[in-house]
Amino acid sequence: MGALSRWLRSDWAGPLFIVVVGGGAIAVLRPSFLSPFNIEILLLAIATNTLIALSQMVIIGIGQMNLSVGGIGGLAAISFAGMMQIWGLPPMLAASAALAIGILCGILNGALVARTGISAFVITLATLSIFKGVNLGITRAQPFYGVPESVKAFGNTTFIHPVPWLILPTVLVAALVWYILNRQPFGRYMLAVGGNASAAELSGISVFAAIVRAHALSGFLAALAGVMLVARLGLGQPTIGDDWLILSFAAPMIGGVVLAGGHVSVVGTVLGVTIVAIITQALVLFEIDPFLVQVALGFLILWAVIINQIRAVRMQRSLRRIA
Amino acid sequence: MTTDDVLLASNVSKSFPGVKALSDVSIRLARGSIHALLGENGAGKSTLIKIITGVYRPNSGTLTLDGAPLHFNGPRDAIAAGVGVVHQERNLIPRFSVGENIMLDRLGGGFLRPIDYDNVHAQAKDWLDLLGLDLDSRTTVSRLSVAKMQMVEIAKALSLRSRVLLLDEPSASLTPHETVALFALLKKLRNDGVTIVFVSHKLEEVQEICDTVTVLRDGRNACDSRSMSGLARQDLVRLMIGRSEQIPDWRTRDESHAAPVLELRDLATEFGHSGINLTLHKTEILGLYGLVGAGRTELAKCVLGLSRVTTGALLIDGQKAVIGSVAEALTRYRMGYVSEDRKQEGLILMHSVLDNTGITIWKRVAGKLGLLTDRAVRTVVAPLIEKLDVRTPSLRQIVANLSGGNQQKVSLVKWLAAGVRILIVDEPTVGIDIRTKAYIHELLRGISEEGTSILLITSDMPEMITLADRIAVMDGYRIKGAITNDRDYERMSREIMGLIHD
Chain A
920 MGALSRWLRS DWAGPLFIVV VGGGAIAVLR PSFLSPFNIE ILLLAIATNT LIALSQMVII
980 GIGQMNLSVG GIGGLAAISF AGMMQIWGLP PMLAASAALA IGILCGILNG ALVARTGISA
1040 FVITLATLSI FKGVNLGITR AQPFYGVPES VKAFGNTTFI HPVPWLILPT VLVAALVWYI
1100 LNRQPFGRYM LAVGGNASAA ELSGISVFAA IVRAHALSGF LAALAGVMLV ARLGLGQPTI
1160 GDDWLILSFA APMIGGVVLA GGHVSVVGTV LGVTIVAIIT QALVLFEIDP FLVQVALGFL
1220 ILWAVIINQI RAVRMQRSLR RIA
Chain B
104 MTTDDVLLAS NVSKSFPGVK ALSDVSIRLA RGSIHALLGE NGAGKSTLIK IITGVYRPNS
164 GTLTLDGAPL HFNGPRDAIA AGVGVVHQER NLIPRFSVGE NIMLDRLGGG FLRPIDYDNV
224 HAQAKDWLDL LGLDLDSRTT VSRLSVAKMQ MVEIAKALSL RSRVLLLDEP SASLTPHETV
284 ALFALLKKLR NDGVTIVFVS HKLEEVQEIC DTVTVLRDGR NACDSRSMSG LARQDLVRLM
344 IGRSEQIPDW RTRDESHAAP VLELRDLATE FGHSGINLTL HKTEILGLYG LVGAGRTELA
404 KCVLGLSRVT TGALLIDGQK AVIGSVAEAL TRYRMGYVSE DRKQEGLILM HSVLDNTGIT
464 IWKRVAGKLG LLTDRAVRTV VAPLIEKLDV RTPSLRQIVA NLSGGNQQKV SLVKWLAAGV
524 RILIVDEPTV GIDIRTKAYI HELLRGISEE GTSILLITSD MPEMITLADR IAVMDGYRIK
584 GAITNDRDYE RMSREIMGLI HD
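These protein sequence lines map, in sequence, to chains A and B. Each residue of the first sequence is one higher than the last, beginning at 920 in the numbering used here. Each residue of the second sequence is one higher than the last, beginning at 104 in the numbering used here.
Derived by calculation from the structure, the hints in this document are not laboratory data. We put the beta carbon where it would ideally sit given N, CA and C, even for glycine. It is possible that some hints are incorrect.
[As the list claims (entries may be wrong)] Calculated from the model, a selection of chain A residues having no Cβ within reach of chain B, i.e. all distances over 10 angstroms:
| id | residue |
| --- | --- |
| 1 | Ala932 |
| 2 | Ile960 |
| 3 | Gly1056 |
| 4 | Asp1162 |
| 5 | Thr1199 |
| 6 | Val1214 |
[Said to hold, decoys possible] Among the chain B residues that face chain A by a calculated CB cut under 7 angstroms, a handful are:
| id | residue |
| --- | --- |
| 7 | Gly185 |
| 8 | Ile196 |
| 9 | Leu210 |
| 10 | Leu215 |
| 11 | Ile218 |
| 12 | Asp221 |
| 13 | Ala225 |
| 14 | Leu342 |
Given only the sequences and the hints, what does the whole structure look like? Please build it.
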C-alpha cells in the first residue's frame, strides 16, 4: 500500500477534500468568504465547537454517548460568570473552578454508568436534566452580566489578525486530547474498552477506570467550551449549551468516528467542525434562510453515516477476499 | 498422577439452576501434548473449559497445576497461573495494531512519558517470530483474516507465559490451508513443552494432531483421559454418542404412504449443500441426524427462507414453492421453526408468556380496526398452554423466569397456536432435564398424530430413535442415506453410524 493510497484511506481524507474544495468553491463565488472579518468569525465558531465535538467524541470512543454535554457546558458557563460577578473571583480562579465543576459532572456520569451498568444514554439523559435544572435554579433564567473586561477582550480580540485569541486554548487542548488517546496508556485503554470491552477486561484493563476517566475528560472539554463562550458573548447566558447536542454528534461522525466505539479521530473531528462552520457561513453569504442550517446539518449527518457504513461493508468484503 | 501431568481436574461437578452440567468429571493433561476434548453439544465441554480458565468455580472437585491445588477467583487468576485460552469469539481490539493487542496490558508509558511504540512492536515481534508468523506487528487487527487473528490471539496468550493453552474450536472458521498452518504451529508449541487442549467437532483433525483425548457425554466422562492410539473414528463417535437410554415402547409407525407435504429435490444452497433429496409426509416425523457441523440447521434455515436456495426445487403439497422470508413460510405455507437456540432466536425472554405465545397469531386475531386484545390472544393460547402443561404462575410471567423445559414448551405453544402444518424442530431438548425431555417427546409424537408433519433435527441418538419414523443422515452438507426406524437401538445406531462413515 503506497503512501498516497494509505493517506486517501485515512478517516480525514474525505472531510479534508470537502473543506478544500467546498471552501475554494465558495471563495470563488463569494470572494468576501476569505475576508479577514469572515475568517475571524469562522475561527471563533471552530474554537468553541471543536471542544464541544471532542467532548462527545471521547465518549463515542468508549462506545457510549453523552447527552449531557450541553448541560455540563451550560453549568460551567454560568458558574464561571456567577463566581466573577457575585463573589468577585479573579477570572483565572473562576475559570479553574468552572472546569473542576465540569470534571466532577463527568465523573458523576462515568461512575453512574460504570457502576450501575445502565446505558449511558439513560444516565446522561437524567443528568442533563439535573445539570440544566441546577443551572436554572442558580440563574433564575437571567444571565450574569458581571463579566470583567479582560475576559471579554480575550473572547473578542485577535492576537495575530485575523486569528482570535480563543483559538489558542482549542489548539492546545485538541493536541492534548490527541496525545492522550494515542500516546498515553489510559487513553489507549479507553479506546480498547470501546473496541471490545470484554477483551480489554480479560487483558487486565480496569473497565471502570477507563469509563470514569473518559467521562471526566468529556466533562472538562464541555466545561472549557462553556467558559470560552462566556468570554466570547461577554455574559453568562443560562441558555449556553442548549443547542450543542446535534453538533456534538455531527462533527465526529462527519470526521469518520465509528459510533460503535473504539475508533476516533481528532483531526477528522476538527475537520467535521470546520465543514459545519463553512456551511453555516455559506448559507449566510448566499443569503439563504439561516434556519436551513439545521436541515443542511441533518443531511450532512446522514451522508456521513452512510459513507461510514459503505466503508465498513467494503472493508468486510476485502477481508473476506483475503480469508 | 505421573510427573508428566501438568494440569489435573478430578471429580469436578458443576450445577446450574435446574441442570447438572458436570458430574464427577476428570481430565488429565500431560506436559507437551495436544489433548482433544470431545463431546456433542451440551456434553459439558464449555463448562469444563470455563472451570479450568477460572470463569466458573466448581461446586465440588479439585484442580491441580504441577501438583499444587488451584483456586481461581476469575480469569485473571488463571492467566497468572499460566492457563491461557483462545475463545471461539474473537477477543482482540479490532482497531488496534497487532503489536498493541499482544502487549495491551504492558504498554508502558506514564503521565508525561508517551507510550514507546517502537519498544511495544519490538517485543510483540519477538512473540510473532517465536511462532514463525510472518506478520507486521503494526498492521491493524481488523485488516487481518480470521485465521491471522487467531494466530495473534495465540501469540498474545503465549506472551502471558501460558503453559496450558486451551483452544475452543480453533479451526471452525478456517480454510483447509489455514488449518494446516495452525496445526504446524500447534505441533511446534507442543514440542516446546506447551500443553494444548483442542476442542473441535472435526474428528479428522482431532485424529491428525491430538496425542490424548477425553470424551464427555451428558456431563460425565465417556472415557477417562487416554492416549489417542488405538482409537478409530468410529470409536470416538461411539464414545460421543453413547449407548442406549431406554427407548419408550411405542408403536413403530410408517407414514411414508401418506401424501408428501414437504419435498426437497436436488436442492443446493448458499451454504454448500448439494443434491439434497428429502420427503416429509403428512403426520410423519422425519429425523435429520448428523454430527454438529453437518449442515442440518443451515438446511432448515434455507427451507424457511432465511438463507438462499441456489438450485433445485422445494415442493409443498406437490406444488413448487419459493419461500422468501420466514413470514411467508408461516402465513402462506404454515411452516414453523423451533430454534435450537431458544434464548437467542426462539423467545423474547423479557416478554410475558402471553406475548411470546401469541406473537405468531397477533395478525390473525386482531379485531376489525387492527385492535389486539389480550382476551383474543388468551382464547387461542390458554388451552394450548394447559395442554402442554407449561408450568407458569400466570400468563403474565416473564419467560426468562421459567425453566429451560418450560421455555421450550412455550416455543412449541407459539407454533401450535399458529396452526402450523409443518414444524421444524431443532435440538428440542438441549439442556433440559430427563423428565421434561420425555414429556416433550410425548408432546411431539402427539402433535404429529394430530396431523402436523415434523422435521426433527437432533444429535441426540436416543431422542432420534425415540421419535423419528424415518431417519435421514447428513454429513458434510449431503444426505448420506435414509433408513426406516424400527426402534431397535443397537441396529439403528449401527446403521446410522455406517451411513456417516461410508
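Against the structure, the hints:
The Cβ of Ala932/A lies farther than 10 angstroms from every Cβ of chain B, with a closest approach of about 16 angstroms, so its non-interface assignment holds. Taking the minimum C-beta to C-beta distance to chain B, about 36 angstroms, the non-interface status of Ile960/A holds against the 10 angstroms cut. Chain B leaves Gly1056/A outside its interface by the beta-carbon criterion, the shortest separation being 38 angstroms against a cut-off of 10 angstroms. The beta carbon of Asp1162/A sits about 31 angstroms from the closest Cβ of chain B, which is more than 10 angstroms, so the claim that it is off the interface holds.
With 10 angstroms as the threshold on Cβ separation, the claim that Thr1199/A sits away from chain B holds: the shortest Cβ distance comes to roughly 31 angstroms. At roughly 33 angstroms, the least C-beta separation between Val1214/A and chain B is larger than 10 angstroms, which holds for a residue marked as non-interface. With a cut of 7 angstroms, the hint placing Gly185/B at the interface with chain A is violated, because the nearest CB-to-CB distance is about 15 angstroms. Proximity of Ile196/B to chain A holds as hinted, the smallest CB-CB distance being about 4 angstroms (cut-off 7 angstroms).
Taking 7 angstroms as the C-beta contact cut-off toward chain A, the hint placing Leu210/B at the interface holds, the least distance being around 5 angstroms. For Leu215/B, the shortest C-beta to C-beta distance to chain A is roughly 9 angstroms, which exceeds 7 angstroms, and the interface hint is violated. At its closest, the beta carbon of Ile218/B sits 5 angstroms from a beta carbon of chain A; the interface hint therefore holds under the 7 angstroms criterion. Because the closest C-beta pair between Asp221/B and chain A is about 12 angstroms apart, greater than 7 angstroms, the hint is violated.
With its C-beta approaching chain A no nearer than about 17 angstroms, Ala225/B sits outside the 7 angstroms limit, and its interface hint is violated. Using the Cβ-Cβ criterion of 7 angstroms, the hint placing Leu342/B at the interface with chain A is not satisfied: the shortest such distance is roughly 32 angstroms.
When each numbered hint is compared with the structure, violations occur for hints 7, 10, 12, 13 and 14.
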